[in-house]
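Enquirer: Let chain S serve as the given structure and place chain Y on it in line with the hints.
Protein sequence lines, in the order shown, are assigned to chains S and Y.
As numbered in this note's numbering, the first sequence has no gaps in its residue numbers, which increase by one up to the final residue, 292.
As numbered in this note's numbering, the second sequence has no gaps in its residue numbers, which increase by one up to the final residue, 292.
It is worth saying that the hints were derived from the structure and are not from the lab.
None of these values were measured; they are calculated from a predicted model.
Where hints are given, some of them may not hold.
Given that identical chains are not distinguished, each listed pair holds provided it fits within a single copy or across any two copies.
Here are the simulated DSBU-like pairs of lysine-lysine, each with C-alpha atoms no more than 30 angstroms apart in a straight line [as the list claims (entries may be wrong)]:
#1 Lys270 x Lys229
#2 Lys229 x Lys57
#3 Lys270 x Lys103
#4 Lys74 x Lys188
#5 Lys74 x Lys229
#6 Lys270 x Lys99
Number of protein chains: 2
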Amino acid sequence: MSAHLVNGQSDNRLSISDRGLNYGDGLFETIQIRDAVPLLWQAHISRMRTSAKRLKIDFPESLEVSFFNDFEKLCNGSTAPLVLKLMLTRGETQRGYKIDPKASITRITILSLAPNLVKLTRDGISVVLCQTQLARQPLLAGIKHLNRLEQVMARSEWQATSITEGIVCDTQGYVIEGCMSNLFWVKNNILHTPDLSLSGVEGVMRNQVIELCKEHQLIDTRSGFYSKQDLLNADEIFITNSVFDILAVVNVEADYSTQDIMFTPRIFKFGPITRALQALLQQYYLRKSPV
Amino acid sequence: MSAHLVNGQSDNRLSISDRGLNYGDGLFETIQIRDAVPLLWQAHISRMRTSAKRLKIDFPESLEVSFFNDFEKLCNGSTAPLVLKLMLTRGETQRGYKIDPKASITRITILSLAPNLVKLTRDGISVVLCQTQLARQPLLAGIKHLNRLEQVMARSEWQATSITEGIVCDTQGYVIEGCMSNLFWVKNNILHTPDLSLSGVEGVMRNQVIELCKEHQLIDTRSGFYSKQDLLNADEIFITNSVFDILAVVNVEADYSTQDIMFTPRIFKFGPITRALQALLQQYYLRKSPV
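For reference, chain S alone in the conformation it holds in the complex (with noise of 0.2 angstroms):
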């Protein structure tokens, strides 16, 4: 169950000359709705503004706007728990991959409902390592763009919905990410997180953690190129994304990367930097919320 807009209007189709369809020319937001306020929306905007400009797509000073728009048109002030999609492509082609500087971009808004995370959020999750490894390309790094073919191979490595998360190396074997999150662990008392400067999503969330670690002096973070070993000599493991929020990695159930069967399935405890972030969001939430 969904409601969307394309281009403003009522609708839930495209042109299949668009270069979001042909070439994944674009990129999405993935927005937390609750009690009809978007959480996060300038860190949104902000990050999309700043990856259109990288791939020379328009980012028209209107277009927050127009996005603000269609969500509240949308949402019609809805209190249900919801996920907004924003999807910015390049607008339509002609034959070939040419930049037609004449083009329109195709603004596209979809809100559906919110998964329910409590059991999650109160217990962590489960997690996978993949064996599908991510390109090292600084070009397209950090990037939230519509190019997610090596997302969608490594979310086919697992079938069992006891598992939430699969963890991704890149080609030279660094943890890098989650398939739909960012990655954290805590070890020594310093919280680490995979150097993003070559390989995967750059997330509003993660660096709404790294901040609050800041502002709170909770703990000093690092990011760095790190080994699958590094992560699961952990003390505490956590995934981020703009939809859940923060979750704890209580299990690395599998190593898929290796043919090793003897893989012992690692617990991790729910930790007090987990829980102390958890806590911290819910606060910041509080606060900047206009309710």
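Expert: Just chain Y, lined up with the frame of chain S:
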């Protein structure tokens, strides 16, 4: 000007829930139509089938016939030079990367007028060396999938209509291909073409050229990892794709990958191997054509 079918129905739009749009989760083929015959049809279908298998996209037995029926319906016996684009996506999706095994693939068929290539085929083309580099990703290498942001970015590097193609290297600096073509060059009576096991699209025309060389014992072919300097030292250079067949590169006009403003444009002769392959290809078409 083009004619289109979506899942066999006359339509030029598709659902915004399609995974082709959301993730670039699909494949395409671009096929030259001459006298109402799709050239190298079997090779195109075979590549799409192999690629679908690698990406775990359903490719039912009936799909080849469905695409061919689409083509015949759109072509309607016209003998104009045309270009057929086939797209296959994993179909519609709920939010999230997870593959729904019950989802049906989407089949898109687009027929357009072919560009006029007489002058380029006769005189050869000018190219530039692009700054954009291709990631090394064995998982996706060779596949003509819908994640084409790298090509879009490379193609955006030049505007001059006198430049037909841009040559791209991988992130290690090895020459890989053109934005929309494969690359060959002759040096010391060996035909060289880049290894595509880590990056690039394995073009149907590339394989056809390698086959023709072997069948006619024209020249030995070697694939490997080569530098830009290897390319610039060539005796003759040509590019291939399914729409324009084989085009001689007679000028490498600029190197955007270096800040070297002293780069001297390099002139190449429209060489005998290029001419021989152009002729052999046209003979092959006549031999194979049912007309």
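Enquirer: Taking each numbered hint in turn, which are not upheld by the structure, reported in ascending numerical order?
Expert: 3, 4 and 5
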